[in-house]
Amino acid sequence: MIFVTLFPLWVVLKTAITPAKDLFAESTRLFPSSPTLINFERVLGFLSLEQNQAAGGSGAVINFAHALRNSLLFTACVVIFQTFFSALAAYAFARLKFPGRDLIFFLFLSATMIPGVVLFIPNFILMRDLGWLNTFQGMVAPYVLMAPFAVFFLRQFFLSMPKELEEAAYLDGASPFYIFWRLVLPLSKTPIATLSILTAIATWNEFFWPYIVARGDEWQVITVALKAFQSQSPQGGADWTGIMAATSLAIIPVIILLVVLGRQVVESLQFSGVK
Amino acid sequence: MIRALEISFTDWNLLRPPKGVGFENYRRLVADENFWHSLRVTGLYVLYNIPIQTVLGLLLAVLMDRVVRALWLRAVVILPYLLSSIVAGMIFVWLTNPQLGYVNAFIQWLGFEKQPFFGSPDQALASVAAVNIWKHMGLTALLFYAGLQSIPRSLYEAASIDGSSEWHTFWHITLPLLRPVMAFVLVTSVIGSFQVYDMIAVTTGGGPVDATRVIVWYISENAFNFLRMGYASAMSVVLFLILIAFTLVQMRLLRANQSDLG
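Protein sequences, first through last, are from chains A and B. With our numbering as the guide, the letters of the first sequence map in order to residues 1 to 275. With our numbering as the guide, the letters of the second sequence map in order to residues 1 to 262.
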C-alpha cells in the first residue's frame, strides 16, 4: 500500500532530476545516474532561452515561479476571506435573531448539493459582465462569499459554546461584532484551523474555475499552468523532464504541509467525514 | 442556481442578448444523442469507481485498525488525496507512457503485450477510474478508520465470548455500525464521480473517440467552447436533478440518520 502511494511520486521526482538526454536510456532505472536540478531551474524560468533549449526544453517561455506565486496568493486569499466571512455568517446564524433565519439557513445549506458546473455558468457570465475575466478578483470572488460547508461547520461549533460569557459581555455594553472578534473567534481556534486546512488543500488543487475564468498568463495558477504546459508540449517528443519538474513543484507544498501539520491534516480530513 | 435555471430557458451565445425560448433547450437535449452518450459514459465511470474504491478503502481501514495505527501511516495513505486531480492525472499519463512508462515496462517484463491505457477507446475510461481510485482510496480508508474507532470495544469482547467468528462479527456487528460512515462515503463519492472533469482534462481530453466524454465535460464544451450558455445550463440543471435523486435514494436505502448504536 505504501508502495502504491509513494512509488508514483518517486517516479515523478526521479524524472524531474534526470537530465533530458538520459531520459530514454534510463527509463526503467530507479535512480538517475547523474541527478540534476536543471529541470527545476528551467521550469522556474531561471535560465535563458538558449540554456533552456540546450537542456532539452522547447523554445516556449515557461515560468512556474509565477504560477506558484499565483497559487499561493489565490490559496491565501481564499482561506483568509472565506474563513472570516463564513465565521461571521455562522455566528449570525447561531446567535443573532432575525426574521426568516432558519429558512435562509436551510436554503443556504441546500446549496452544498449543487454541482460546480451549475454555478460556473452564471458565475462566468457575471464575471464577464463585471469585466473581471483574467483578473485576480474574478478568480477569488466565488469562493469568498459562498461556502455553505464552512458556515454549517462553524455554526455547529458556535451553537455548542456556552452563552454565559457573551451575555456578560453584552451587559458590559459590548457590540455584537466586538464580542465576535474579541471573544468568539479566539475561543474557536481549533475548528478554524481545521477549516483553514481543508480550504487550503481544496483551493490549492482547484482547477475548473481558474481554468475557465483566468486562463491568460497573468493569473494562471499552478494547475492551469501545468495543463497549459502539457498541451503545448509536442505529442511525440514531450518535454517529460520539464513536465515532471513542474509537477513536483505542485506536489512539494502539499508534502510540506503534511510533514509540518501531519496530525492536524489527518484529523481535519477525518473530521470532514464525521460532521 | 436560480440564475442557471433562468439561463436554461434562453438561447444565448454571449454575443447577442439572450432570447427566451421556453423549453426548447430541454426538448433539444432529449433528442441529443451526445447528451445520452455522455450520461452513459458518466454512469459507467461511477460504476467502475464506487465498488472498488469502497471495498479497498474498507479493507485498508480494517488493516490499519488491526495492524498499524501509527499516524505517519495515515498521513502516507492520505497523500494521494491531497494532490490535485491534474497532478494525479499527469503522474499516471507519465507512468503509462507507451515508450518510457514503468507500467508498460512492468507488463512487458511479465511477458504481456504493452497496453495503450489512455490512448485506447476501450481502456481510457477504466484508466481514468483507476487514477481516481488511487487518489480517493486513502480518504475513504481514513473515514472508515475513524468510524471503526468509534465502535465500542466492549461489543467485540461480547461477540468473542459468544463464540462469534471473525467474519461473522465483521458482517453482523462492524458493518452495520459503519452505516452512517458508509452513507457519507457513498453519497459524496457518487456525487464526486458524477462531476469528474479535471482528470479527464489532463489524461484524455474526452477522447479517444468520445470514450471519456463525461457529462460535465460535455456541458463545459457547450458553455465555454461553443458558447451555448442556455443549452449548457439546461444540461447542468438536469445533472443537478439526477444528483438530488441519487442522494435521496441512497440516504433512504442506507437509513443514514439512524445509528444502530443509539
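Keep in mind the hints are simulated off the structure, nothing from the lab. Small disclaimer: the values here were computed from a predicted structure and weren't measured. Do not rely on the hints blindly, as some may be mistaken.
What the hints assert, rightly or not - Computed Cβ-Cβ distance ranges for the label pairs, DEER-style:
1. Pro51(B) with Arg128(A): 35 to 43 Å
2. His168(B) with Pro176(A): 54 to 62 Å
3. Val62(B) with Gly216(A): 22 to 30 Å
4. Arg179(B) with Gln264(A): 43 to 51 Å
Claimed, not checked - List time: in silico SDA-like cross-link candidates among lysine to any residue, alpha-carbon distance up to 25 Å:
5. Lys14(A) with Gln250(B)
6. Lys189(A) with Glu166(A)
7. Lys14(A) with Val103(B)
8. Lys21(A) with Leu9(A)
To be verified - If you want the ones that stay clear, here's a sample from chain B, every Cβ over 12 Å from chain A, calculated:
9. Leu47
10. Arg74
11. Ser165
12. Leu175
13. Gln195
14. Met229
The C-beta atom is built at its ideal place from N, Cα and C for all residues, glycine as well.
Mind listing which of the numbered hints don't hold for this structure, in increasing order?
3, 4, 5, 10, 13 and 14
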